[in-house]
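Protein chains: 2
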Amino acid sequence: MAVNTPELEKPLPVPGFRVGTASCGVKSPVLKGKRQDLTLIVGEVPCHAAGVFTKNRFRAACVRQAEATLATDAEHVRAIIANAGNANAGLGEMESVWAGQLIEAGAAAAAVSTTAVLSASTGVIGTPFPIERIQASVHEAADSLDANGWEAAANAIRTTDTFAKWSSAEVSIDGQTYTLTGIAKGSGMIHPNMATMLGFVATDAPIAANDLQAMLRRVADRSFNCISVDGDTSTNDTLYLLASGLGLGHAPLSDTSLFEQALTELCIELAQLIVRDGEGVTKFVTIEVTGAASEADARTIGRAVAVSPLVKTAFAGSDANWGRILSAVGNSGVAIDTNAITLLADDVLMFRDGNLHPDYRDADGMAVFARPEFSITLDVGMGDASATVWTGDLTHEYITINAEYRT
Amino acid sequence: MAVNTPELEKPLPVPGFRVGTASCGVKSPVLKGKRQDLTLIVGEVPCHAAGVFTKNRFRAACVRQAEATLATDAEHVRAIIANAGNANAGLGEMESVWAGQLIEAGAAAAAVSTTAVLSASTGVIGTPFPIERIQASVHEAADSLDANGWEAAANAIRTTDTFAKWSSAEVSIDGQTYTLTGIAKGSGMIHPNMATMLGFVATDAPIAANDLQAMLRRVADRSFNCISVDGDTSTNDTLYLLASGLGLGHAPLSDTSLFEQALTELCIELAQLIVRDGEGVTKFVTIEVTGAASEADARTIGRAVAVSPLVKTAFAGSDANWGRILSAVGNSGVAIDTNAITLLADDVLMFRDGNLHPDYRDADGMAVFARPEFSITLDVGMGDASATVWTGDLTHEYITINAEYRT
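Chains as they are written, first to last, in this note's numbering: chain C, 1 to 407; chain E, 408 to 814.
Errors might be hidden in some of the hints.
To be clear about the criterion: a stretch of chain E counts as covered by chain C if any three or more of its residues have a C-beta under 8 Å from a C-beta of chain C, and this derived list gives those stretches [unchecked claim]: (1) 451-465; (2) 497-510; (3) 570-579; (4) 710-722; (5) 755-766; (6) 802-809.
If you are wondering where the hints come from, they were derived from the structure by calculation, not from laboratory data. Predicted model, so just to flag it, every value in this text is computed and none were measured. Positions of the beta carbon are idealized from the N, C-alpha and C atoms, including for glycine.
Kindly produce the complete structure, drawing on both the sequences and the hints.
Here's what the structure looks like:
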């Protein structure tokens with residue numbers, strides 16, 4: 001059901017990192033040996049690290065513990081351990097115990113201190129976390145550590161994703177070429193509870209930890225925070241960035257803007273892959289908001305359009321329903337002048353000056369909305385700021401997956 | 408598809424009011440004579456009036472003009488004129504011209520001043536408003552004015568509603584009995600754009616215009632603003648309240664609390680009828696939030712649960728998916744302590760103290776969620792405020808109506 005999935009090139013190894021996976025049977029012991037469900041990413045040197053997490057008030061223990069680690073030890077992180085199959089969430093006091101044991105397992109396997117390990121868990125909520133199955137098999141992940149382990153890791157973090165998601169880039173700064181490789185899994189929400197959006201990016205670029213955290217927040221706002229499958233965010237959503245460059249002896253970047261641009265593009269690509277693989281999605285729609293008073297306003301407007309069930313069903317029905325789009329803009333809460341809005345679907349001008357454009361023909365709009373991939377451009381005429389949001393349609397398949405999965 | 412529709416008793420006439428309808432063929436001339444689509448509510452005396460309107464930034468001309476009238480002339484309103492079949496919205500400058508002509512038609516038919524008329528329009532957006540068809544037939548509404556015209560009016564304001572919605576009540580205050588009668592139409596969103604929620608309530612209770620406006624806002628917050636079919640609000644949503652009592656010679660109420668209680672109950676009943684008739688709705692779910700720090704917080708939490716596609720598909724699938732409900736609470740933006748939340752489905756205790764309750768059995772939750780009508784109770788343990796929100800499920804039928812209607 002995925003939309004225009006690109007053929008992904010092999011992920012690039014990143015100097016300073018090795019990656020391994022294990023099959024623990026986290027979700028069920030019968031899956032032991034059948035699929036990989038544990039990922040270990042190890043930095044050979046102390047890495048600078050940053051993390052961006054779910055804004056949901058229900059935050060799993062792995063998120064809370066990672067925030068604490070990043071507050072004190074963001075300059076010498078050595079490993080990420082991540083499991084699929086169980087989110088270790090909604091479990092009361094045992095949640096923190098199990099999350100701590102997961103970190104201990106990762107620390108032992110990577111032979112580093114527990115304060116140098118970040119964890120992430122994804123899968124069902126409210127089911128006791130089978131830490132003993134992970135403890136029994138984590139050595140497989142240590143044994144398989146390899147600079148070329150990224151594709152295996154992209155597969156091991158999957159839950160309901162229909163394909164593995166990764167992206168790599170190289171960026172040249174001051175005559176030195178640095179590598180970025182990221183893997184991600186989708187935020188499809190599935191029985192019996194919700195899954196989780198995870199993204200892990202590694203680089204050998206040399207960046208101060210403080211800069212890294214501020215940068216990752218900006219990048220997340222322009223990538224993972226600009227996608228919407230169904231408007232819900234999970235208890236465990238996590239994006240980590242690890243940078244090994246300083247530990248490898250590179251001099252700190254004096255100007256991080258080129259790196260930030262490369263990181264943004266990489267995260268946008270990962271985020272778009274998640275939308276393309278969204279539950280029941282048959283269309284990939286780019287919503288571009290321009291002329292806003294601020295970037296935050298632009299993003300708020302774009303997200304309001306992206307999450308509206310009426311807009312998303314119109315996408316599904318190939319119905320060029322400009323009224324629903326404008327109504328969603330009007331409902332965004334952002335102050336707008338409805339007479340200043342210009343609306344295009346791809347290059348078809350639909351609405352301007354408070355009215356349908358006189359040259360607009362419904363058939364032209366319908367032709368755009370029938371495409372598997374198209375853009376909605378909204379200029380709100382209030383300023384110079386812009387934002388882009390990516391979304392899919394709302395289909396019967398989404399209802400089937402989410403209403404009928406439990407049998 | 409409506410859920411547990413109650414058999415409605417006949418609406419009561421309200422002293423001081425007569426109601427008439429006409430068939431204008433607003434949506435299409437071929438419907439002329441086939442269905443009523445124009446409603447005229449006439450006060451025989453100057454009425455105190457109040458209005459609550461959509462918060463969508465796209466506001467149709469009828470809404471903008473009514474706000475202006477209520478700002479200056481709320482103490483002597485004489486009529487409401489309302490049409491179905493065309494929302495007179497998204498039409499640029501002509502919108503105000505046509506809205507003004509609709510008011511002129513109502514004023515002429517009721518033989519009152521244009522400054523004493525409020526209007527409302529519902530139907531398709533972006534289609535030129537056929538004012539001439541209304542002008543040609545508005546006399547039918549004047550000719551049919553009758554104290555018992557409320558049921559006909561409840562039918563004439565329908566668009567996609569599957570049944571007409573009204574409610575009446577009597578309230579005794581200081582030895583005098585007053586009547587309230589209200590009619591409403593649903594906010595189902597339909598091709599080619601969105602329809603509109605309309606509610607008109609008349610009473611012979613004697614209440615100062617200022618008190619009336621403040622009261623109607625409070626009442627709307629506890630009734631129409633507490634329902635959600637799909638989270639979208641339209642360009643034309645309107646609730647009017649007309650009170651004839653002072654013009655009929657009653658002394659002003661010294662204490663309006665009994666009246667406000669009756670008005671709240673009546674508006675809740677109308678609002679619930681709209682949910683029961685929501686597009687594709689097969690379940691009627693009451694979400695009760697208690698223990699919040701403020702009523703606004705409680706309502707925000709309730710609405711967050713009520714609009715979540717994951718929660719609504721779980722309702723559709725009879726899936727007692729407590730994780731999705733808690734995640735929606737966590738996404739509401741309200742500060743909560745996740746360990747302080749108690750969650751019940753009807754009388755089944757599901758979640759408490761940060762964990763599933765040890766006595767909870769999935770089968771018990773599933774039995775509740777399988778009912779056509781049930782309650783979700785969320786105590787958030789932060790204070791004493793509460794709110795109740797009513798919602799439906801999200802089904803294939805909703806997708807079919809909204810994605811596939813255009814053929």
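Status of each hint after checking the structure:
A count of 4 residues in the stretch 451-465 of chain E with a Cβ less than 8 Å from any Cβ of chain C is obtained; the coverage claim is therefore met, three being the minimum. Interface restraint, the stretch 497-510 of chain E with chain C: holds (4 residues with C-beta to C-beta distance below 8 Å; minimum three). Coverage of the stretch 570-579 of chain E by chain C is violated in this model, with 0 residues showing a Cβ closer than 8 Å to a Cβ of that chain against a need of three. Coverage of the stretch 710-722 of chain E by chain C holds [criterion: at least 3 residues with CB-CB distance below 8 Å; count 5].
Coverage of the stretch 755-766 of chain E by chain C holds [criterion: at least 3 residues with CB-CB distance below 8 Å; count 5]. Here's how the stretch 802-809 of chain E fares: 6 of its residues keep a CB closer than 8 Å to some CB of chain C, so the rule of at least three is met and the hint holds.
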